[in-house]
Amino acid sequence: METLYQLLISIKTDTPIGRWLGPVPDWWLRAVAIVVPVVLILAVFLTLFAFLTWVERKTLGRIQNRLGPNRVGPIGLFQPIADGLKILLKEDIVPRGADALCHFLAPVLFLTVPLMLFSVLPIGRGLIAVDLNIGILFVFAVGAASVLALFMGGWASRNKFSLLGAMRSMAQIVSYEVPTVLAAVVVLMAVSAAGKHGVGSLSTVSIVEAQAGGWVNVSGWFIFQPWGLVGFILFFIGTLAESARTPFDLPEAESEIVAGYHTEYSGFKFALFQMGEYLVMIAMSGFTVTMFLGGYLGPGVDLPRMGWLLSIFWFFAKLAVMIFIVILARGTWPRVRVDQLMGFAWKMLLPMALVNIVAFGLWFYLGSGPMGWAVSVALLIAAFALLTLGGTSTRLGKRTYRYSS
Amino acid sequence: MKFPGKGLLDGVFVTIRNFVGSYFEKDRLVTVQYPEERVSLPENSRTFPFLVYDDEPDKMRCTACKICEAECPPQCIYIVMDRDEKGKPLQHPKVFDIDISVCMQCQICVEVCPFDAIKMDNDYEKSRYGRFDELMEHLPDLLKSNEYYHKIKPIEATAVDAKLQAAAERKAKKLVSPAPPAPGTTPETD
Amino acid sequence: MIQAQSAIESSGVTPSTAGIIETQTLEVSIGPQHPSTHGVFRMDVVIDGEVVVKLKPVMGYLHRNHEQLAEKMTWLDSMPYTDRLDYFNSMANNWAYALSVEKLAGIKVPERAEYIRVIVAELTRLLNHTVAIGFLLNDMGAWFTPVLYAFREREKIVDLFEAVSGSRMMCNYYRFGGVRVDFDEKMLAMARDIVERYPQFLDEFEKLLTENEVLLARTQRIGILPREQAINGSITGPVARASGVDYDIRKVDKYGVYGGLDFRVPLGEVGDTYDRYYIRILEMREAIKILQQALCGLPSGPIIAPEVKLRNFRVPAGDGYGRIETPKGELGFYLVADETGKMPYRYHVRPPCFINLTLLEDMCLGHKLADTVVILGSIDIVLGEVDR
Numbered sequence: 001m002e003t004l005y006q007l008l009i010s011i012k013t014d015t016p017i018g019r020w021l022g023p024v025p026d027w028w029l030r031a032v033a034i035v036v037p038v039v040l041i042l043a044v045f046l047t048l049f050a051f052l053t054w055v056e057r058k059t060l061g062r063i064q065n066r067l068g069p070n071r072v073g074p075i076g077l078f079q080p081i082a083d084g085l086k087i088l089l090k091e092d093i094v095p096r097g098a099d100a101l102c103h104f105l106a107p108v109l110f111l112t113v114p115l116m117l118f119s120v121l122p123i124g125r126g127l128i129a130v131d132l133n134i135g136i137l138f139v140f141a142v143g144a145a146s147v148l149a150l151f152m153g154g155w156a157s158r159n160k161f162s163l164l165g166a167m168r169s170m171a172q173i174v175s176y177e178v179p180t181v182l183a184a185v186v187v188l189m190a191v192s193a194a195g196k197h198g199v200g201s202l203s204t205v206s207i208v209e210a211q212a213g214g215w216v217n218v219s220g221w222f223i224f225q226p227w228g229l230v231g232f233i234l235f236f237i238g239t240l241a242e243s244a245r246t247p248f249d250l251p252e253a254e255s256e257i258v259a260g261y262h263t264e265y266s267g268f269k270f271a272l273f274q275m276g277e278y279l280v281m282i283a284m285s286g287f288t289v290t291m292f293l294g295g296y297l298g299p300g301v302d303l304p305r306m307g308w309l310l311s312i313f314w315f316f317a318k319l320a321v322m323i324f325i326v327i328l329a330r331g332t333w334p335r336v337r338v339d340q341l342m343g344f345a346w347k348m349l350l351p352m353a354l355v356n357i358v359a360f361g362l363w364f365y366l367g368s369g370p371m372g373w374a375v376s377v378a379l380l381i382a383a384f385a386l387l388t389l390g391g392t393s394t395r396l397g398k399r400t401y402r403y404s405s
Numbered sequence: 001m002k003f004p005g006k007g008l009l010d011g012v013f014v015t016i017r018n019f020v021g022s023y024f025e026k027d028r029l030v031t032v033q034y035p036e037e038r039v040s041l042p043e044n045s046r047t048f049p050f051l052v053y054d055d056e057p058d059k060m061r062c063t064a065c066k067i068c069e070a071e072c073p074p075q076c077i078y079i080v081m082d083r084d085e086k087g088k089p090l091q092h093p094k095v096f097d098i099d100i101s102v103c104m105q106c107q108i109c110v111e112v113c114p115f116d117a118i119k120m121d122n123d124y125e126k127s128r129y130g131r132f133d134e135l136m137e138h139l140p141d142l143l144k145s146n147e148y149y150h151k152i153k154p155i156e157a158t159a160v161d162a163k164l165q166a167a168a169e170r171k172a173k174k175l176v177s178p179a180p181p182a183p184g185t186t187p188e189t190d
Numbered sequence: 001m002i003q004a005q006s007a008i009e010s011s012g013v014t015p016s017t018a019g020i021i022e023t024q025t026l027e028v029s030i031g032p033q034h035p036s037t038h039g040v041f042r043m044d045v046v047i048d049g050e051v052v053v054k055l056k057p058v059m060g061y062l063h064r065n066h067e068q069l070a071e072k073m074t075w076l077d078s079m080p081y082t083d084r085l086d087y088f089n090s091m092a093n094n095w096a097y098a099l100s101v102e103k104l105a106g107i108k109v110p111e112r113a114e115y116i117r118v119i120v121a122e123l124t125r126l127l128n129h130t131v132a133i134g135f136l137l138n139d140m141g142a143w144f145t146p147v148l149y150a151f152r153e154r155e156k157i158v159d160l161f162e163a164v165s166g167s168r169m170m171c172n173y174y175r176f177g178g179v180r181v182d183f184d185e186k187m188l189a190m191a192r193d194i195v196e197r198y199p200q201f202l203d204e205f206e207k208l209l210t211e212n213e214v215l216l217a218r219t220q221r222i223g224i225l226p227r228e229q230a231i232n233g234s235i236t237g238p239v240a241r242a243s244g245v246d247y248d249i250r251k252v253d254k255y256g257v258y259g260g261l262d263f264r265v266p267l268g269e270v271g272d273t274y275d276r277y278y279i280r281i282l283e284m285r286e287a288i289k290i291l292q293q294a295l296c297g298l299p300s301g302p303i304i305a306p307e308v309k310l311r312n313f314r315v316p317a318g319d320g321y322g323r324i325e326t327p328k329g330e331l332g333f334y335l336v337a338d339e340t341g342k343m344p345y346r347y348h349v350r351p352p353c354f355i356n357l358t359l360l361e362d363m364c365l366g367h368k369l370a371d372t373v374v375i376l377g378s379i380d381i382v383l384g385e386v387d388r
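Chains as they are written, first to last, in this note's numbering: chain A, 1 to 405; chain B, 1 to 190; chain C, 1 to 388.
To be clear, the hints were calculated from the coordinates, so they are not data collected in a lab.
Quick caveat, the model's predicted, so the values are computed rather than measured.
Built from N, CA and C at the ideal position, the CB exists for glycine as well.
Among the hints, erroneous ones may be present.
In silico BS3-like pairs for lysine-lysine, Cα to Cα no more than 30 Å straight-line [stated by the list, open to error]:
1) K160/A - K54/C
2) K342/C - K66/B
3) K186/C - K26/B
Partial list, computed: chain B residues near chain A (C-beta under 10 Å) [what the hints assert, rightly or not]:
4) V20
5) L29
6) V30
Counterexamples of contact, computed for chain A against chain C with all Cβ distances above 10 Å [to be verified]:
7) P69
8) L77
9) F151
10) W155
11) A171
12) P247
13) I325
14) V338
Construct the entire structure; sequences and hints are all you get.
Structure (structure tokens):
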């Protein structure tokens, strides 16, 4: 937005069009510079959501040896439009005795809060809606705020089971926030280590720029460092849990008794819940890309004129890969049980995240050369082995069977 | 080398292999896009019964002997023999109804028919717009020609034709020369 | 929803005074419209927090009066109805009934028919076990991927059944004294093709599933059935063999030509859900071995005993019990014939799924609610057989 404002100012003062249009007050330009990114974000990411439902159904279909939807439009491209029309035309039921205001506000809040996440996502070089200097903190704060909408939905339905389901999914999201944030802390430490005079920044653009340099802008990515790889895995698991995707999709598909917090919603409100969920997924995948995969960096981004176009392309390519991995996870793995889910977060991911921070410290202070690599890799492997020792993976395992004689 | 998490990764590789393979290998994409493509049915495939006639609908093979009506497990066949003015039975049915909402496609009527008159069709597109009278098939709907029978079940139809031809020849020989049957031929049993 | 709530509050839930805080148990009814459909089946579960305290299975939603119907029809006419008992494995049901009647009437089956019966029955075992594993994974939340892989293989076997008997599921293939239709060269080639490709599919299926950590965590040590309890409850089939009960009717009775075929019977140790899942995979591998031997050793000859009449088939008076090892357990038919011998005087089915289901409560007590569905999936029930 800042760059757009400066661009508009320079158009007004330097170019012939600006002089021909006459005196335009600066605050008009400021307003245009605010509205255009907002509209662009809404247009791009909501269309991306609709397109994503189509991609998911086709991908799941191909994984399962079948075609996905292919009747509505060429190769089924108009399927999201058909789905949207169908869900708009459904009857909107509000249970009698439900808290009407909460019941109405919950899906609205669930949709709008994740939209705020996109304002600090850098899509390309110089293309970010608001370059907050507390970017990452804003991301996690907003992610936690969407939990409130979830609970409102469960509470307002006046249904014992959906209240239970809402409480369970709240517990899931909140407890997976902790290792996610700690995995992000490693990245912030790395950014401040790369910064001048050891001064870091929480801004997302500076996180991306800290990964620049290196061989064709690729080898500087944090995922290629040992602490970055572990951090990436932890953050990715956190992404799956925050957006309630398999293998953590208890809120969405509790096939046991509770259908979750969106039992009592029908029609367009249900669609808003789904939209919010997918938007959280896209946004958190975007932040995984930003923090560990170099954001919009890639070969050719430093070119003078076309660099920023290429940066947009690199960002969306990496986002597509991450989303493909999330969809693949949905098609492959079964669901964990609720107590196993909490045990996994608190007993396995959290200690691993803390050890990761120590490993980064060792790596940095040992000079980030071979010595630092060896020590940090050894520490991470030792911690992983210790945590899984006596845990589920070694106690359980493939057994051998005897045959009757 | 086993490490915790290896099972999950193996699963992902299987899924990726299926995903990529569905674009190249034929047996990893098994969808048949009905109604544009149809699977060709094997010969023995059966859905509902039909009555066979030779050459003309009047020359139907069925003699209204009512054996299939007696043997049908869910009792879905209803037959009334045609009689002339004096009440003498003509050997073909006046009414032959099969209720296809009751018929369970067990093929027992085909097995017990002594005249090879009722055979199994393989037409499965029998949707109707009503549930009661529309699902009752009457005699005109059930009569189909022997050529149709050859088309859907060639091997079986040729065998049946040969058997009927042999029986007709034996009967003709018996009528021409009323001699006892030659030794070696077995008498017909039903 | 409001009516349901007040019904729950007024339904005699007993507060338990365990500890300082007074807690209350919750009575939940799972079904009869199940999200993980095994049919129309209801479970009344009483849960204390998350742990199951009491469970009562309620069956009978699919009762179709099969036994009474058979007492009004001739012996041959109830053969198509046995197809519909366990509608996934219709060929196996047919064999059990044909075996019982042949025992009563003293009919001897020719050699080629016996081999064909074994081939078809083992193919049925293959298709039942893959689909059972697929649906078990579906209950656990792996969004239909294992189900569709299993169905891809099942389609090949079911196409073979259509080529042979005319119908994919309701085959009506066996007759007293043999089988109805002979296998010609094309069908034998199809069967050989299936048997050749099956081990490769099983390897891929196992790679997807067996060492998957989520599957291990969800199935190991869940729903343990001790060996003594399995014997006392007269459990049969893979459920019993997973608990260590060494009882396979193919080895005990040696009906058909199983006496001459070489195969092993896998047994489990612990008796939990993972054992029941893995025993099915091992049984599939053994079934492939049996199929290879049977397809190689198929003799030529008649396929039905010549003295059996189709109509007016009479059975001498007496009673008899014939049983076989279906993929779900021991399916037996108890038939009583009176002097006329035209139709059964008494006809009773011993359904394996129904008897295996009686121990559901013992397997589920102490586990969480989410495990109930998984345990039910591992017993592998088909409601057509449970309710007859």
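Hint-by-hint comparison with the structure:
no.: 1; hint: K160/A - K54/C; in the structure: 20 Å, holds
no.: 2; hint: K342/C - K66/B; in the structure: 19 Å, holds
no.: 3; hint: K186/C - K26/B; in the structure: 21 Å, holds
no.: 4; hint: V20; in the structure: 9 Å, holds
no.: 5; hint: L29; in the structure: 6 Å, holds
no.: 6; hint: V30; in the structure: 5 Å, holds
no.: 7; hint: P69; in the structure: 15 Å, holds
no.: 8; hint: L77; in the structure: 23 Å, holds
no.: 9; hint: F151; in the structure: 19 Å, holds
no.: 10; hint: W155; in the structure: 14 Å, holds
no.: 11; hint: A171; in the structure: 13 Å, holds
no.: 12; hint: P247; in the structure: 6 Å, violated
no.: 13; hint: I325; in the structure: 16 Å, holds
no.: 14; hint: V338; in the structure: 7 Å, violated
Going down the numbered hints, you'll see the structure goes against 12 and 14, while the others check out.
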